[in-house]
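Q: Each chain is listed here by its residues.
Protein chains: 2
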Amino acid sequence: MEQLEYQEGRTEISHMGKVALIERLTADMESRNATTRQGIGDDCAVIGNSVVTMQTLVEGVNFDMMYTPLKHLGYKAVAVALSNIAAMNGTPRQVLVSVAVSNRYSVEALDELYAGLRLCCERYGVDLVGGETGTSRAGMVLTVTAIGEVAEGCITYRRGAKLHDLVCCTGDLGSAYAGLLILEREKVTYQADPNFQPDLAGYDYVLERFLKPEPRLDVVKALREQGVVPTAMTDISKGLADSVLHICRASHCGCEIYEEHLPIDYQTSRVCSEMSKNMLPVSCALNGGEDYELLFSISQKDYEKVKDMKDVHIIGHITEEGMPAVMVTPQNTTITLRAQAFQGEE
Amino acid sequence: MEQLEYQEGRTEISHMGKVALIERLTADMESRNATTRQGIGDDCAVIGNSVVTMQTLVEGVNFDMMYTPLKHLGYKAVAVALSNIAAMNGTPRQVLVSVAVSNRYSVEALDELYAGLRLCCERYGVDLVGGETGTSRAGMVLTVTAIGEVAEGCITYRRGAKLHDLVCCTGDLGSAYAGLLILEREKVTYQADPNFQPDLAGYDYVLERFLKPEPRLDVVKALREQGVVPTAMTDISKGLADSVLHICRASHCGCEIYEEHLPIDYQTSRVCSEMSKNMLPVSCALNGGEDYELLFSISQKDYEKVKDMKDVHIIGHITEEGMPAVMVTPQNTTITLRAQAFQGEE
Numbered sequence: 001m002e003q004l005e006y007q008e009g010r011t012e013i014s015h016m017g018k019v020a021l022i023e024r025l026t027a028d029m030e031s032r033n034a035t036t037r038q039g040i041g042d043d044c045a046v047i048g049n050s051v052v053t054m055q056t057l058v059e060g061v062n063f064d065m066m067y068t069p070l071k072h073l074g075y076k077a078v079a080v081a082l083s084n085i086a087a088m089n090g091t092p093r094q095v096l097v098s099v100a101v102s103n104r105y106s107v108e109a110l111d112e113l114y115a116g117l118r119l120c121c122e123r124y125g126v127d128l129v130g131g132e133t134g135t136s137r138a139g140m141v142l143t144v145t146a147i148g149e150v151a152e153g154c155i156t157y158r159r160g161a162k163l164h165d166l167v168c169c170t171g172d173l174g175s176a177y178a179g180l181l182i183l184e185r186e187k188v189t190y191q192a193d194p195n196f197q198p199d200l201a202g203y204d205y206v207l208e209r210f211l212k213p214e215p216r217l218d219v220v221k222a223l224r225e226q227g228v229v230p231t232a233m234t235d236i237s238k239g240l241a242d243s244v245l246h247i248c249r250a251s252h253c254g255c256e257i258y259e260e261h262l263p264i265d266y267q268t269s270r271v272c273s274e275m276s277k278n279m280l281p282v283s284c285a286l287n288g289g290e291d292y293e294l295l296f297s298i299s300q301k302d303y304e305k306v307k308d309m310k311d312v313h314i315i316g317h318i319t320e321e322g323m324p325a326v327m328v329t330p331q332n333t334t335i336t337l338r339a340q341a342f343q344g345e346e
Numbered sequence: 001m002e003q004l005e006y007q008e009g010r011t012e013i014s015h016m017g018k019v020a021l022i023e024r025l026t027a028d029m030e031s032r033n034a035t036t037r038q039g040i041g042d043d044c045a046v047i048g049n050s051v052v053t054m055q056t057l058v059e060g061v062n063f064d065m066m067y068t069p070l071k072h073l074g075y076k077a078v079a080v081a082l083s084n085i086a087a088m089n090g091t092p093r094q095v096l097v098s099v100a101v102s103n104r105y106s107v108e109a110l111d112e113l114y115a116g117l118r119l120c121c122e123r124y125g126v127d128l129v130g131g132e133t134g135t136s137r138a139g140m141v142l143t144v145t146a147i148g149e150v151a152e153g154c155i156t157y158r159r160g161a162k163l164h165d166l167v168c169c170t171g172d173l174g175s176a177y178a179g180l181l182i183l184e185r186e187k188v189t190y191q192a193d194p195n196f197q198p199d200l201a202g203y204d205y206v207l208e209r210f211l212k213p214e215p216r217l218d219v220v221k222a223l224r225e226q227g228v229v230p231t232a233m234t235d236i237s238k239g240l241a242d243s244v245l246h247i248c249r250a251s252h253c254g255c256e257i258y259e260e261h262l263p264i265d266y267q268t269s270r271v272c273s274e275m276s277k278n279m280l281p282v283s284c285a286l287n288g289g290e291d292y293e294l295l296f297s298i299s300q301k302d303y304e305k306v307k308d309m310k311d312v313h314i315i316g317h318i319t320e321e322g323m324p325a326v327m328v329t330p331q332n333t334t335i336t337l338r339a340q341a342f343q344g345e346e
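Those sequence lines, one after another, are chains A and B.
The numbering used here numbers the first residue of the first sequence as 1 and each following residue consecutively.
The numbering used here numbers the first residue of the second sequence as 1 and each following residue consecutively.
Source of the hints: derived by calculation from the structure; they are not laboratory data.
Do not rely on the hints blindly, as some may be mistaken.
Chain copies aren't distinguished; within one or between two, either way the pair holds.
Said to hold, decoys possible - Lysine to any residue pairs mimicking SDA-like chemistry, simulated, CA-CA at most 20 angstroms apart: (1) K18 with N103; (2) K212 with M65; (3) K18 with K238.
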């Protein structure tokens, strides 16, 4: 019989940054098919003029059933996958959904989940074309494959940023994480006293940001209407720092962003000050995650077209290869950006 | 806080046949995109000339780590998805793989898994273009999305079988299930006595059938070379009965298959007789599952082209709408086919 655990030379997955892990697992992989234009290493694979992505949400890891309504969960699972399509400058067309659930879930629970899946598909004009419903031993695992189209010449990779390009982000950052903090706080209180009625009034915006994110396909459309093709793009799913580092790594460049230009909602600041004196809103923006906004770079010639675009903020610029990715504070000190996925790297 | 379990009017998923469940969850779904040619309800979705499918394998449900080498598991996860591409008469081109693992797994374990994934991709000329590696709370969940191409006019759905068409299957049936029976038997013995050394000699064929199935892309190729386009096709993943019922339901027809024509390997028969006097090889073929062979119907005019084709067996014919799907025994009695997914239906 096979022994599962290799005691000798065992390397813990948690001790390895995700970037290094994926590069190890997929090293020396070659394309055999002419239609394969982009493999592993971007927000989507590119196959002909299609972009394809897969996103998995695991109960207890990516969501907590204590405070995640199933309809919101279904909506979010699709939204998160469509965010990757947006990050390639694409228009989503189809999704496939695989759901594995334990017998704790009823048919009525699946009805709710599917209502959410379908609502997000409807909202973004996407067809739910396949997938399967199966059994898990514990909890729920939800995987969404999304397929989109991009016009020739408009695909944006992480790798195209050029020296002096302007760096932009959409929406505001850190608010989804602020929403998560509120939900976790109320959960702890509820667990201590099950008669406790959580009062979530006044937190509507940050809660919605966490529970029901929207892919920024509106910005993709606005850029297209203005004839702007970003030089590089990715979505902001694990915090701004992670996304900046991905673009810098893929584009072989450095980056400077300015703290005072980061878009942070007042509710995010309020939640932070409620939580702790030491919790800074900018930390939520850099490392909080789950915002599903876009980060992109544009050529300076496109500045006029972008500067007044709704929900788009110019937050910095690209620096040359060999320079680090940094944030400049209002006091003009420079902080090197770090992210979990790049741990162990400099 | 959200209550997970709906006590009132709770319907257990296990009390509902899978066919009815999927029809309930996806009722009244409409296509919004011109490229969507086939949504839910076949082995793959059809998008333009592409076919797309998603397959999930859950530890403890679809595989048992006690006797599944990780390299085999990786191979099988891809093979199972490619089998769905074959079932649409397609040629696979790309796969994306999502892996969620608990901290019980090491980086070296993922190396093994990816070695298997890559080996199957290489064997069938497929590119591994995306996916992700994430965390699960318990065990491993593996989802593969496969994308293939089909020439215009060659896509085979489940729905095209016509009266008097010949019904064919590939390979042999029930052997994967026989392999599973052996592995389960040895597992029980091993659990009772951890010093026990399982002796799997003499069972190589059935074990390989279960642990390392191959998609029948060779038969898809042979049909293409002969200029035969099946009128309907599906793969045999949950037993022959399930596949026959799917074709009958989609094609609005009945079917007669002949027990004496079912291809059953002698090792399958031997395993059955070892297990119990009452275990019939034909039951393994009808209800065992995991063979990943193909079931298809052809027009009678193609009989000459197919009758001597390697590994293809003519096992019956299509009957008219309203007739049941049945198996005729050598004694000329007629047995109505049933399958788990159709439970609750007649």
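Q: Which numbered hints turn out to be false for this structure?
A: none
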